[in-house]
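A.B. asks: Sequence:
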Amino acid sequence: ETISHFKKAGIQLALLTNGSSESQNKKIERFGLAPLFSYIFIEEPVLPDLPQSYARLRAACPITIAGGELEYTRWGAKMLMDMEAIDVYQMDPIMAGGISEVNKICTLASAYDVQVIPHGGSVPVNAQISFAQNSVVTPMMECLVAWQKIAQFFLKNPVKPVNGFITPPTAPGVGLELDESKIESEREIN
1 ETISHFKKAG IQLALLTNGS SESQNKKIER FGLAPLFSYI FIEEPVLPDL PQSYARLRAA
61 CPITIAGGEL EYTRWGAKML MDMEAIDVYQ MDPIMAGGIS EVNKICTLAS AYDVQVIPHG
121 GSVPVNAQIS FAQNSVVTPM MECLVAWQKI AQFFLKNPVK PVNGFITPPT APGVGLELDE
181 SKIESEREIN
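Mapping the sequence shown onto full-length UniProt numbering, position 13 (from 1) lands on 13, and the numbers just tick up by one.
Careful, some of the hints might be misleading.
What follows is a list of derived Cβ distance ranges for each label pair [claimed, not checked]:
| no. | residue 1 | residue 2 | range |
| --- | --- | --- | --- |
| 1 | Asp49 | Lys182 | 37 to 45 Å |
| 2 | Arg56 | Asp113 | 30 to 38 Å |
| 3 | Met95 | Leu178 | 30 to 38 Å |
Mimicking EDC-like on lysine to aspartate or glutamate, the simulated pairs with C-alpha atoms at most 20 Å apart in a straight line are [said to hold, decoys possible]:
| no. | residue 1 | residue 2 |
| --- | --- | --- |
| 4 | Lys149 | Asp113 |
| 5 | Lys78 | Asp92 |
| 6 | Lys149 | Asp92 |
| 7 | Lys104 | Asp92 |
| 8 | Lys160 | Asp179 |
| 9 | Lys78 | Glu44 |
| 10 | Lys149 | Asp179 |
| 11 | Lys156 | Glu186 |
| 12 | Lys156 | Glu184 |
| 13 | Lys156 | Asp179 |
| 14 | Lys149 | Glu180 |
| 15 | Lys156 | Glu177 |
| 16 | Lys160 | Glu186 |
No lab work stands behind these hints, which were simulated from the structure alone. Where a beta carbon is used, it is the ideal one built from N, C-alpha and C, also for glycine.
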């Protein structure tokens, strides 16, 4: 109801929905209302251990389905793509093996015509992945702004979106440099 008021006022909204707490039939019913809104995608609409439910929901739903946040291997990614269970693969780059492994997943996704939008756990790593890929394969990245205050606390130059965009880091490697002034104490652990 609130969204329809925004639309009547001429305000454009793009929605991302995370719907893993409902039954599949309830999701299909709710997401059947999708033409009324401008959804970008539904993120993780079912529990990650139910790939067949992803496939059924994707077949019945007019909205783009994103998943894979809790899938940690390229073989798991391939299984979801073989099942045509997702439109957008959204792995967490840190949990999925880092930049090298995620680049392999992106190559796999391009062969399946599946977009990749890295999950927003580590913005500096996501930025490296996103900027290294063709924008057709990786058109955007997720940035969990509140989480980044914690995740990037010890960095000299945290990677932050400005007006919805992230500028590629220019420092060598992943572009991370520790701000040692924020370290209160340290000790070597053997």
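A.B. asks: Does each hint hold? Answer for all of them.
C.D. replies: Now the hints, each set against the structure:
no., hint, verdict
1, Asp49 with Lys182: 37 to 45 Å, "holds (39 Å)"
2, Arg56 with Asp113: 30 to 38 Å, "violated (20 Å)"
3, Met95 with Leu178: 30 to 38 Å, "violated (22 Å)"
4, Lys149 with Asp113, "violated (34 Å)"
5, Lys78 with Asp92, "holds (15 Å)"
6, Lys149 with Asp92, "holds (18 Å)"
7, Lys104 with Asp92, "holds (14 Å)"
8, Lys160 with Asp179, "holds (16 Å)"
9, Lys78 with Glu44, "holds (17 Å)"
10, Lys149 with Asp179, "holds (14 Å)"
11, Lys156 with Glu186, "holds (18 Å)"
12, Lys156 with Glu184, "holds (15 Å)"
13, Lys156 with Asp179, "holds (5 Å)"
14, Lys149 with Glu180, "holds (16 Å)"
15, Lys156 with Glu177, "holds (6 Å)"
16, Lys160 with Glu186, "violated (27 Å)"
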